[in-house]
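Undergrad: Protein chains in written order, with the numbering used here: chain B, 1 to 253; chain G, 1 to 253; chain D, 1 to 253; chain F, 1 to 253; chain U, 1 to 253; chain Z, 1 to 253.
It should be emphasised that the hints constitute simulated quantities derived from the structure, not laboratory data. Among the hints, erroneous ones may be present.
Among the chain D residues that face chain G by a calculated CB cut under 8 Å, a handful are [to be verified]:
| hint | residue |
| --- | --- |
| 1 | ASN31 |
| 2 | ALA36 |
| 3 | SER37 |
| 4 | ILE42 |
| 5 | PRO77 |
| 6 | LYS79 |
| 7 | ILE81 |
| 8 | ASP82 |
| 9 | ARG86 |
| 10 | LEU89 |
| 11 | ASN90 |
| 12 | VAL245 |
By construction, the Cβ of each residue, glycine as well, lies at the ideal position given by its N, Cα and C atoms.
6 protein chains.
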Amino acid sequence: MKINEIFSALDEVAPLKLSHDFQKMIDGYDNSGILASVDGDIKGIVFALDLTDACVEFAIKNGCNLIVTHHPAIYAPIKSIDGALRKCLNSGIGIVSMHLNVDCAKEGIDYHLAKALGGDNQKIVFDLDCGCGYGRVFDVDATINDIKNNYINIFKTENVMVFGDRDKKIKKIASFCGSGLDVKEIELASEADLYISSDIKHHVILYALERGKCVLCVSHYSSEVFGFKKYFENVKEKLNDTNCVFFENAQML
Amino acid sequence: MKINEIFSALDEVAPLKLSHDFQKMIDGYDNSGILASVDGDIKGIVFALDLTDACVEFAIKNGCNLIVTHHPAIYAPIKSIDGALRKCLNSGIGIVSMHLNVDCAKEGIDYHLAKALGGDNQKIVFDLDCGCGYGRVFDVDATINDIKNNYINIFKTENVMVFGDRDKKIKKIASFCGSGLDVKEIELASEADLYISSDIKHHVILYALERGKCVLCVSHYSSEVFGFKKYFENVKEKLNDTNCVFFENAQML
Amino acid sequence: MKINEIFSALDEVAPLKLSHDFQKMIDGYDNSGILASVDGDIKGIVFALDLTDACVEFAIKNGCNLIVTHHPAIYAPIKSIDGALRKCLNSGIGIVSMHLNVDCAKEGIDYHLAKALGGDNQKIVFDLDCGCGYGRVFDVDATINDIKNNYINIFKTENVMVFGDRDKKIKKIASFCGSGLDVKEIELASEADLYISSDIKHHVILYALERGKCVLCVSHYSSEVFGFKKYFENVKEKLNDTNCVFFENAQML
Amino acid sequence: MKINEIFSALDEVAPLKLSHDFQKMIDGYDNSGILASVDGDIKGIVFALDLTDACVEFAIKNGCNLIVTHHPAIYAPIKSIDGALRKCLNSGIGIVSMHLNVDCAKEGIDYHLAKALGGDNQKIVFDLDCGCGYGRVFDVDATINDIKNNYINIFKTENVMVFGDRDKKIKKIASFCGSGLDVKEIELASEADLYISSDIKHHVILYALERGKCVLCVSHYSSEVFGFKKYFENVKEKLNDTNCVFFENAQML
Amino acid sequence: MKINEIFSALDEVAPLKLSHDFQKMIDGYDNSGILASVDGDIKGIVFALDLTDACVEFAIKNGCNLIVTHHPAIYAPIKSIDGALRKCLNSGIGIVSMHLNVDCAKEGIDYHLAKALGGDNQKIVFDLDCGCGYGRVFDVDATINDIKNNYINIFKTENVMVFGDRDKKIKKIASFCGSGLDVKEIELASEADLYISSDIKHHVILYALERGKCVLCVSHYSSEVFGFKKYFENVKEKLNDTNCVFFENAQML
Amino acid sequence: MKINEIFSALDEVAPLKLSHDFQKMIDGYDNSGILASVDGDIKGIVFALDLTDACVEFAIKNGCNLIVTHHPAIYAPIKSIDGALRKCLNSGIGIVSMHLNVDCAKEGIDYHLAKALGGDNQKIVFDLDCGCGYGRVFDVDATINDIKNNYINIFKTENVMVFGDRDKKIKKIASFCGSGLDVKEIELASEADLYISSDIKHHVILYALERGKCVLCVSHYSSEVFGFKKYFENVKEKLNDTNCVFFENAQML
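Let the sequences and hints guide you as you build the complete structure.
TA: Given below as structure tokens:
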């Protein structure tokens, strides 16, 4: 298969258009899509959250010549080529990055983050229509401690911080995969008792606590790798003639 | 005592000039100083990391009419007055914020963060002369696990995340109180094996791990309240005729 | 009554929406609305063109805990709180500012400025529909000297300057309360023989005179306090259970 | 004489360098210098505060082919040529504008404004060395009313407004020709009891009155034409072989 | 005839509106229209690509008091008046510039450039409707050498450069009068084998050659004077009572 | 040899510092240096003016794994990797670009351009000291036609345009390799009779002709490849153990 056919399958599950729609909605930035093409046939695909040296070595060892990352392998525009990016290109490996579109997809990262925490009946915070969008609000009935322990068990990480009244009964959670929680999101999902996200800034946590809320700050990697693996499995099924493997970066969990 | 005399004592320990010098050095922003004055005598002073509703109530209950915060009570310029800030002003309480100058002071927050972790022989990363500046590099001989447990014991918080190879022997730590760790800081303190800071972004952690380093991400509050309390004790001694009390915000630890 | 009920009455006569509409029309700036709230009941209201020390003292003496100003008590965003603003907040007094919306209201400042000068049949220059908008053009039949003397008598001030041919017969006046006269306004109301406004720049006066027009430059305060008092009287009637008093600043006339 | 020789004489009394120095000091803008040259001999020179149609006609009638204005005949850069500027060029008349340099000159406009009001012993507010600079502070002993009447008599205009306590005894005046009074100037000349300038904005007058000061707001033209005529007389003497005449614009007084 | 009647005739053939439409389409800049008016009757008109000293002298010698240029006589806004522009104004000669509108007109410069090269059946690249717009694509059947020689013969210039495979058979040409060829235009007219334009940058030529295309870079003057003369002839016919002459600048060919 | 040793040799002849110095002098932009590194030994080096597909194929065929270009292979920062750049990286070939530093070097491109045209006694226009800098002025005694024919013979191209009086005697030439001639350069080298450069804009040619000057506009490639080949020969000698070959792009001449 050629890279364009592969890309069609990737796009079918998480259309690139979702990234453009979400950028427009929040006046944001992304660089998803084919970042480096491959001329010949795709012999195998590695999926990974980030393009790293170990990930490229893993692709070479597995005979793959395409890496699909979640975080754009080039984010801010660059003036020279080095590190894992150069290693990747020197090895003739192509790169596709699927970022905000996978965050927002119908069965994307944000959907799976909420679902794993028990959120079957989800409301979408930044709603792009058709079940797509960023941020989820959903019902639970638990203490923060229960939710923290659930997170540790399901997402296989101990990198979890709790802020707020530990005895508070949580009825509604608002979750945002990656680093998407700011004051604006707290306002948009003000019905929640608990906010879950990553890389949360001090003044944002304080803002939530001043309003009687709690915050669960989890590692960025753990909040996204779970859903990105679901995406991988979904695409793998569509491309069942192509070797698809997932690269784990356990030290980032 | 009048507010200007109080301010002199505060400034003696952590001169406002340090904030201006550090802003110039990193092309940064701060809003330290007297943010709201008091006409009469200062009857008592509350020290707190942040201006919150509970903190203002605490000041009223303790008969204090001045609050000294670490984080500026007004950061981005404002167009109306509400929340804890209005409550504070409505109660006739003045506000002084001492931020980057306390971070950088000779015996400031960064100094005490490093010292508590065993860093007696500190090198300053952003050096403002005379033992002042931001960021510290120092020698240790421990595993990350030891360091994590030390942090939990000394700083009285469980909100600590570990990234990188858990078995790595750590010889040098670079610590930055608050949210001061970015790619530039990793480069400036490239001799460190472990970086300690707060609110660290995913790509910064990844950058460190790609270079074989480890990262300890601790809660912002815990990384600063420890040193700010030392500042409080230092100032309290100088103002021994004035009632000085410390306000704890345990839910942010 | 609570502040929100008071604000409803203020807004009914001069809807805040007019400020937003006018800002959009001229790509301008304003900061009208509730700038500092009050938790308890409103015991009395002072109306004043500007927030000054004397005005706050007047409010305290009259047992009022709300001041409604015309000019925004905070205009450019601020980083600390001092002067009359701090005195006001320290005294537990709330602040509402009603600026461009009162300029443009159906029976607002600009309407009353023109009406007092004999302009019953007014054309609106910046027309926001429904009889609202900024700037008025209307018919008269007088010499400039007559108009100047009228102004002095009606608006109770001697702070009036005359530019242009003193013998000219005036058939049409264009008036703009406050400092709203620039080259653009002269063009938009080019049928006028005489322009009346405040704080007019030299090159704007010259531009009018080069086209054979005359200019009456009156004190900013006098051009607005007249109409703002009409607004006060209008609102006072609606709030007849609340003590409403007007604060005069005679030295600014 | 050629235009360059004329310019040398103009520059000797009020060096263009002063304009550049003052622009740099206040981060300001000016467009002084030769704005349109003349190829042949200069047959006569008209001096005027502003380039107007009547001024060009006056030059033609007087056989002059050079106009020296105070305010730049082109201020903001232009994309087409019309009005008095085109009339001037079509008549083969050259243009020199001498603005901030004449304001700031040793015996410039600001110097003569202060001197005429009795300010022999002047302090310069924006000091460019050698007795040059903008703004003057000087001693008097009079009521505002006396000063107002003096102004009316000396500067031959009734366009004068008074703000503040009319009974106040004035010991020190700060004067700024043209529209140069803002909050910053009040602070720099805070020892003054009375500020004199033109086109003063409402909030600047208010700022002065809040600090117990008085303000005399005079017409821009009257505050400058007096000193510019002194400049004219000074230059005329140096160019005693060239016909130099002054154009008055009485309607702007 | 007055200048406004002349302008109507000029505008009828190449409506100013086309300049505004094209500026909006490409987010571009122009300064077409009457740049300096004439009060009396127009005695004669000189048409020229650019306003130069020689062109003004030519107008004087021919008793003309209006010059119609293609390139705006004032492009970037100006702060003083000198050179040919001053000479022109000093001689009482008015200026009209007709730039992007003549480029884009139905029978404008771009139309005639393509037509002279055999392009009867033209496709418009930037299509402004009604046969107007910028850039033309058309069919030919020739070698580059033939086309180059054609250009030299028809446009009377030897200032022609050829880039690319000299033996290539050309089936389609894309032409852009003046300096309008950039990477974007190559993409928009990607069906062409040969691009013709002026002042082409090195990286643009390289971009075309990398895609197997050829480039003919001709002098800016020659690519436009041909079509501007057609415009002149067209207007001259409409103004058959007014003396219309064309000024050639042979050294720019 | 490793890439760093190769770079040292390249830098010795044309120090990167010259690019930074010249950027600072003219407030310009460049992206010279190692743009993509090579891990192993350098087996051979191709020198070329630009990175093109044919150039990469040439490198592969010649067993080279480093390409040294004059024009930066990445100029504006990029967000994806394609075309010749990707082909180059996929083939494991490194990239060094040496741009403004080779233009300005002591025996750099500008030096050789002038020398070939007979300019032994050169004055540097943008002088960076030590015989380095951009732009040269030098003496000749010839007609433009002679100079044009010289250029055609020496630089092996017919892509040359002549503007101005063809009969003029040329005593002084100012030459600027690449596209470096603008109005500012004409002013800085106003003693020249003839300006030689590439990609010259219409209004710049016109500006020169209005001042009685002539202009020779040559193809960008021809004005630089001559001097870049001299740089290649110079470096080749220093690296006599490494295979160095030059790639010609004849269609750009």
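Undergrad: Against chain G, run the beta carbon of PRO77 (chain D) and see if the smallest gap drops under 8 Å.
TA: holds, 3 Å
Undergrad: Given a cut of 8 Å on the nearest C-beta pair, is the interface hint for ILE81 (chain D) held or broken against chain G?
TA: holds, 5 Å
Undergrad: Should the interface hint for ASP82 (chain D) be scored as holding, given a Cβ-Cβ cut-off of 8 Å against chain G?
TA: holds, 6 Å
Undergrad: Taking 8 Å as the limit, does the beta-carbon of ASN90 (chain D) come near enough to a beta-carbon in chain G?
TA: Holds. Min distance 5 Å.
Undergrad: Per the CB criterion, is LEU89 (chain D) less than 8 Å away from chain G?
TA: holds, 4 Å
Undergrad: Can you verify the interface hint for ILE42 (chain D): is its Cβ closer than 8 Å to any Cβ in chain G?
TA: violated, 14 Å
Undergrad: Quick check on the hint: ARG86 (chain D) CB to chain G CB, less than 8 Å?
TA: Holds. Min distance 6 Å.
Undergrad: Mind checking the CB of ALA36 (chain D) against every CB in chain G and telling me if the closest is under 8 Å?
TA: holds, 5 Å
Undergrad: Given a cut of 8 Å on the nearest C-beta pair, is the interface hint for ASN31 (chain D) held or broken against chain G?
TA: holds, 5 Å
Undergrad: Using 8 Å as the Cβ threshold, decide whether VAL245 (chain D) counts as touching chain G.
TA: This interface hint is violated because 22 Å lies over the 8 Å limit.
Undergrad: Return the status of the interface hint for SER37 (chain D): holds when the least beta-carbon distance to chain G is below 8 Å, violated otherwise.
TA: Result: holds, 6 Å to nearest chain G Cβ.
Undergrad: Does the CB of LYS79 (chain D) sit less than 8 Å away from some CB of chain G?
TA: holds, 5 Å
Hint compliance for this structure: hints 4, 12 are broken, all remaining hints hold.
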